[in-house]
Structure formats: C-alpha cells, structure tokens
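Given the coordinates of chain A, assemble chain B onto it according to the supplied hints.
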Amino acid sequence: MKTYLPPKFIVERDPERCIQCQVCVNQCAFDTHYYDAEDDEVRSRPDSCVGCHRCVLFCPTQALTIRRNPLDYRENYNWRPEVIEDIIKQAETGGVLLTGMGNDKGYRIYWDHLVLNASQVTNPSIDPLREPMELATYLGRKPDRVEIDRDYPGLKTELAPQVRIEVPVMFAAMSYGAVSINVHESLARAATEAGTLWNTGEGGLHPKLYEYGNNTIVQVASGRFGVHPKYLDVSRVVEIKIGQGAKPGIGGHLPGEKVSAEVSMTRMIPTGTDALSPAPQHDIYSIEDLAQLVYALKEATNYTKPISVKIAAVHNSAAIASGMVRAGADIIVLDGLRGATGAAPKIIRDNVGIPIEMALASVDTRLRQEGIRNQASVVISGGIRNSGDVAKAIALGADAVYIGTAALIALGCTLCQQCHTGKCAWGICTTDLALTKRLNPDIGARRLANLLRSWSLELKDILGGMGINALESLRGNRLHLRGVGLNETELEILGVRMAGS
Amino acid sequence: MTKKANRAVKIDASGLLYRELNARLREVVSNGTQRIELRNVCGQRYIGTDLGRPVEIEIFGTPGNDLGAFMDGPRITVRGNAQDGCGNTMNNGEIIVHGHAGDISGLSARGGKIFVREDVGYRAGIHMKEYQDRRPALVIGGTAQDFLGEYMAGGILILLGLNLKEGEHHKANYIGTGMHGGIIYLRGSVEAFQLGKEVGVAELEEKDHQTLQGFVGEFAAHFGYDAQAILKHRFTKLFPLWIRPYGRLYAY
Chain A
1 MKTYLPPKFI VERDPERCIQ CQVCVNQCAF DTHYYDAEDD EVRSRPDSCV
51 GCHRCVLFCP TQALTIRRNP LDYRENYNWR PEVIEDIIKQ AETGGVLLTG
101 MGNDKGYRIY WDHLVLNASQ VTNPSIDPLR EPMELATYLG RKPDRVEIDR
151 DYPGLKTELA PQVRIEVPVM FAAMSYGAVS INVHESLARA ATEAGTLWNT
201 GEGGLHPKLY EYGNNTIVQV ASGRFGVHPK YLDVSRVVEI KIGQGAKPGI
251 GGHLPGEKVS AEVSMTRMIP TGTDALSPAP QHDIYSIEDL AQLVYALKEA
301 TNYTKPISVK IAAVHNSAAI ASGMVRAGAD IIVLDGLRGA TGAAPKIIRD
351 NVGIPIEMAL ASVDTRLRQE GIRNQASVVI SGGIRNSGDV AKAIALGADA
401 VYIGTAALIA LGCTLCQQCH TGKCAWGICT TDLALTKRLN PDIGARRLAN
451 LLRSWSLELK DILGGMGINA LESLRGNRLH LRGVGLNETE LEILGVRMAG
501 S
Chain B
1 MTKKANRAVK IDASGLLYRE LNARLREVVS NGTQRIELRN VCGQRYIGTD
51 LGRPVEIEIF GTPGNDLGAF MDGPRITVRG NAQDGCGNTM NNGEIIVHGH
101 AGDISGLSAR GGKIFVREDV GYRAGIHMKE YQDRRPALVI GGTAQDFLGE
151 YMAGGILILL GLNLKEGEHH KANYIGTGMH GGIIYLRGSV EAFQLGKEVG
201 VAELEEKDHQ TLQGFVGEFA AHFGYDAQAI LKHRFTKLFP LWIRPYGRLY
251 AY
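Just so you know, the protein sequences line up as chains A and B, in that order. Just so you know, the numbering used here puts 332 at position 332 of the first sequence, and the rest follows in order with no gaps. Just so you know, the numbering used here puts 225 at position 225 of the second sequence, and the rest follows in order with no gaps.
Just to be clear, a hint being listed does not mean it is correct.
[What the hints assert, rightly or not] Derived, one-sided and incomplete: chain A residues facing chain B with beta-carbon distance under 8 Å: (1) G95; (2) R224; (3) G272; (4) D283.
Hints are computed from structural coordinates only; laboratory data are not their basis. Glycine included, every Cβ here is placed at the ideal spot set by N, Cα and C.
With the rest of the complex left out, here is chain A (with noise of 0.2 Å):
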C-alpha cells in the first residue's frame, strides 16, 4: 500500500561541507542515510529520519541539518497534522498506535504556575556556600510517636526500616529490556556515587549490577519478571508496581524483537517471546489484596526493607494512597500524566491519567487528614524537569521524586519518542548490541552523577535563598508555593494562596 504520510523532517547535507566520511550511514539505526554505490555519494530518505540528532551531532563537519517538515496543511486547529497523520497510519496498518516517553500534549504545567519565596529583610537568607545545608531524605514509615530510653540512651521505639538519600531525587523505574544493560549500569554506578537509589523496573537485575543493591530499587510488577529471593535480598527497597503515568490501567507488552538472550536470562522467558506483563498483578484486586502482597514481601525480606507501592495517578488517587497506606506501604508513588514508558498505546499516553502537581497536593492533603502521613513517603514522578520543579515538589509535600526522562536526556536521549521500535540511536531504548555500545557507563555514569550534583546545588540555593537550611523544613511547607495564573478551585486543590496574597 502507498502510505500517505509525509516525511516528518526535512535532512539537508550541505554538499561543501560533505566529506563522504559516511559517519551518518553508521550513527542512524533508522537507515535514513545510505551509500549510493553506484554513484559513489551519501544520500539521505528523509522519510525514515525521526529527528533524533544522532548524525547532526556525530558529523564531523556539521555538513547535516534537520529541519521539521513544515507540512502546510490548510491551517485547522481542530485536524492539526498529527491528528490526520495518526488516521493515516491507522488506515494503513490496522494497529493500535504505539509511542514512547511521556505525554508531549498542551495539558497545564503546574509547575510553570508555581514560584517559590525567598528572605527578604525580616528573616536572612542563608550563603549555601558557606553554611551548612542538610538535603538528606529518610525514606520509610515514620512512628506517630517516639519514646526514648534514658537509661540505654536510645530509642525505644522500633523503627521501620528508613533509607537515607543524599539528594531527594532518584533515578525513575526503567526496565532492562526496555532500556539497555548500559543504561542499567549508568543509573546504578550514578546512583551509588550520589548516594541515592535507582529503580529496575520490572524486568528484573542482571547479574552484574547486584553489586549496587544498596542503592537499588527492583521492582515486583505483574508480570513478575526476574523476581526471585536473591533479586529481593540484595535490594534496598522493594517497590510493587500496580501502574505508570504513561498508560495507566495498562500492562506492559515487551516485543519479541527486544528479548535478546541476555534479557531472556534476566526475565526467564525464551529469547524472542513477547514479555507480557498483565494488566493488573492477579493477586490484587483489592486494598486488602495488596495488603498481602506487601507483606508477602515484608516476609521475603524478613521486614528489613521498606516496600513502595507505585501507582498511576488518576482522578481518586487520594483515596486509593490512603488505602495503599493502610495496606502496609512505606513508601507511596504517584507517578502523573506526564511520565514516560518504553512503549505505550499513544491514546491511552496522551489521554489517561492527571497532572502530578493535583495528585501530589491532593493526596499529601488527604494523607494529613486522616493523620497517617508519618506512615509513608511520598515520591512523585512524571516530568519533573528541573531543580525548581524538585523544590515545589517538595513544599506541596513531597518527600522526594523521581526522574526519568530527565535521566535519560542526560545520557542523549533527545525524545524522538521511538522507544518501542528498540531502534535508539543513542544506545539508551535498545536491547541492540552494537547500538548498546554506543553509552560507555562510564560516561553514562559521570553525565549521570553531574546532573544529580547540579540539582543538589541548586536546591541549596533555593533553600538558602528561604532562609532554610533543611529540606525538611521545606516539605509539605505550602506557604513557600504562591500560585500565578490559576483559578480558585486550582489553587484549592492545591493549597496555595495566589501570588501577591
């Protein structure tokens, strides 16, 4: 069938600068650049180029430039280009429209609605230079009290099992499978060194990297993948996955093409079978069905680890975490409708799920309601962009949050949103072998590593600039929020006053 879609980018080589190298030819995996034999010359098809970068980045004489294809349709705002190519492509295959990352759509960015406050006069700031700026996180169930024996001197009181993080933010639940083993190792070696914690998602831990278990999150999701006791033992956190902001009520369908023998191994499924995982875990269909599950797990790991339950946010998540608080969680995850995936129907991406900053003030407002806040985390994800977005996080009661995609643009990813084609040109969404090698972990790492340290800079300035010297001070602390451009309900759901109030 002759498809109607028109190429998404336009490639330009600038013949002067074109030496032929074919360095373009090997960095695309989508073939858009080939060597015409015959002619002896570098050709591009513009129709395959996803507009990832990879080759305007690796040609050594910037001969190459890739432009948006302006595709002048007659101007509709209702049928925007990407609504009739969607139709296209469905007229053409008969398939559910697959896509990668987070929802790329124009629903309100809280954050971008948020300022944070600072000292002025009637209270110092504080030089974060100078002065002592604690950033440090215990994660875990807290007691509703503490008694402390005077006699011992200690604690009376038995405390959960906490994990202390350096910086609140830690690497999002990414699956080996899903991104490469070399990604896997880069979060874990970054993670180590910042001394926080990464997430395997639910493709279960190679071998290799059980050497950073003190600093790893693995995952038990309904496809159970890779979940055995030594998986559990040499973890830190043991997280539950119910759902992900990317496809909320939807499992997860790892293709065939991406199960390579080494993902074969982690996941115990034969090399090349889809890696399904179910919709829902089916031995959960109820608060006190996940109340077993989590302690099921408090019992494989003798209660000496918290365990996180993960869910998607939807519209009654504040009732659904009071449950999962109740249920034995320690640590509670939002993830919003901005969190990203490997692979997930582009309806249900864009369409399912509510914003992160509702979820988080909601939830943390019911949690305090009820009096049970002491009795879990909370960690929030899902396009946390930045430190400002941490900190904000933070003041509407976080207690810390994850990243992934901002991970992943670390390590290259320039989201071209082709995940689930396995293809990554940057070695990052790939169970490829050659195109793995592409991210050295070292420099994985390191990238990694200093991402992590530039935020941890700049959240002490922020801090400072408060005149806090502890996060902790700020956690929860809404009168540090001041809303800008939102409505009164908007501003009630998330208990902030408006700006200049």
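Chain B only, in chain A's frame:
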C-alpha cells in the same frame, strides 16, 4: 547429618499470627532443622517464604493465602486444603496439597513443582515462566476454573480431571488465553470454545508421553493412585500458537 537435625520439629500453630509463626520457622530452619511438622494451622499466610533451604514442612490444618510465596527450596506437604496464591512466584521447591487449592495457584512460578490432589480455582498457573532447565510444573488431580494457564510464558501444567464423572467435561473457559510459552496437558475433554484464542491443540508425541509419565508418576506416588491407570486415558496437548500473541496488535 546429626540425629537432632533429622528429627521433625513440631510447632503448634494454634493462636499464632502468621508473623510469629514464620519467625519461628526461620528460627528453627536456621538451627539446621530438616523436618518440621506444623499442627493446627488455621489461615496463617506465607508459610515457607524466606526459608531458602530444602527443608520438609508438613502442614496439618489449612494454611492461608500465599503458601510458599517466593519460596526457594522447601518441600511442603499440606494435609488439607490450600488457599489462594499457593506457590506465588515460587522459585524452587515443592508443594503437595492433599486437597483443593484456591485461585491463582502457581502464579508466576519460576521453578519447582506443585501437586494438588483435588481442584484448583480461577487462573491457576497464570504467567508461569521457564528458562533453560528451570521449568515449573503444576499438576492438578481434579478440575479447574476459568483462565487456567492464562498468559503462560513457560512451564508445564497438567490437568487430570480424576474427579470428573463419565462423560463429564472440564468446565473452565478461556483455557490458555494469552498463552505464549509452556505447555498444558489435559486429561478428559474440552470443547473448542473453552480454549483461549492463542492456543493450539495437538496429539501427544513421544516426548510428551515421557513428560507425563514422570509427573503423573510423581502425582500418583504422592496421593496413592495408579499412574498407569491415569495414563491409559486420552490426553490433549495445548500449546501456544505464537510466541508473540499480540505482535500484530500494534502500529509502529
């Protein structure tokens, strides 16, 4: 092996919460005990979890949900019925149930064997896996409810239907729906409409007979049946039609 280690340690579970009972089990197992007898078990969950050694546990009474969840090594004999989630994500070991087992028996099992003398509930054997020589098996003496072997990615599931009367069918629907690995052997008949869209039906080959001989032999030995009499009946083999059942669902 010392005499002490060989002696069965008896634990009276009456009035014990599961956490207390399992703590007690960890303690006796870490002392090198090889055989444990649990009396008056009444609904305590997670028995056999986090023991990590090939100990023998004999349970009198009714163990609770998630019997042998994440289990790695023990061999559990239940003199009674098991509840839901028996063998949940089990890694290795054996569970022998002299009675019925509930829903999702063998959920996501990665290895080991489960023998149930009577019936099982819904979604038994869901998402069992296998890798090379790690091949879990679930053998059910009676019959099963819907979604037997759903999403199966590996392993062996055998349904014997010994309690079906002459001419009676298995009643489960959606058998093997979403199956993309492993194998199911059914003794007794099912109609085509009872099968999931993703399974094919085939006659047994020589190696299937060998597999059945082994597992049915073990089953018969556990519960005092005559293996040859069971094997005389006709078996049907269900296998996944595709290793990528949903590969054509998507537009890339």
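Each hint, compared with the structure:
1. G95: Holds. Min distance 3 Å.
2. R224: It holds, given that the least Cβ distance between R224 (chain A) and chain B is near 4 Å, below 8 Å.
3. G272: This hint holds: G272 (chain A) lies near chain B, its Cβ roughly 6 Å from the closest one there, short of 8 Å.
4. D283: holds (5 Å)
Going through the hint list in order, the structure satisfies each hint without exception.
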